[in-house]
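Please construct the entire structure, taking both the sequences and the accompanying hints into account.
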Amino acid sequence: RAMIGSGIGIPLGDDVDAAKHEVQKISISVFFALNGTNLASVKMPPDATVRELGKTVAMAALRARKAAFPCAPRLQLFGEELAHGRSLADAGVDDGAQLVADAYPAVV
Numbered sequence: 021r022a023m024i025g026s027g028i029g030i031p032l033g034d035d036v037d038a039a040k041h042e043v044q045k046i047s048i049s050v051f052f053a054l055n056g057t058n059l060a061s062v063k064m065p066p067d068a069t070v071r072e073l074g075k076t077v078a079m080a081a082l083r084a085r086k087a088a089f090p091c092a093p094r095l096q097l098f099g100e101e102l103a104h105g106r107s108l109a110d111a112g113v114d115d116g117a118q119l120v121a122d123a124y125p126a127v128v
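At position 54 of the sequence shown the residue is numbered 74 (our numbering), and the sequence of numbers has no breaks.
If a hint is listed, it holds; no wrong ones were tucked in.
Distance ranges between label pairs, derived from CB positions: (1) Gln44 x Arg85: 27 to 33 Å; (2) Leu54 x Lys75: 18 to 24 Å; (3) Thr57 x Gly99: 16 to 22 Å; (4) Ala88 x Asp114: 24 to 30 Å; (5) Arg85 x Pro65: 24 to 30 Å; (6) Gly99 x Pro66: 18 to 24 Å; (7) Gly105 x Asn55: 24 to 30 Å; (8) Gly105 x Met79: 17 to 23 Å.
It is worth saying that the hints were derived from the structure and are not from the lab.
Owing to the predicted nature of the structure, the values given are computational and were not obtained by experimental measurement.
No residue lacks a Cβ here, since even glycine has one placed at the ideal position from N, Cα and C.
Here it is as structure tokens:
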């Protein structure tokens, strides 16, 4: 950290860029609609997309052998489905949110 004048630390150059990219992550718990099992508890930046969260949850659920989704799960907050292209912040997902994950209906 660069110092200016009276010794007060003021970020310069790369430190400014690093400070801009330091984003507070939000904690999210995702439960399986089928049986209420906690599929994953994750921390993600609010600008991450619902799709990114879905992929993270799908991978965590598969690794823990809790569920296997053929694609990213359908995520719901308070019974409303979240659009995959929206950011978590835009979708209303706040710190401590509890979402429900379900598989999309399969066409056979």
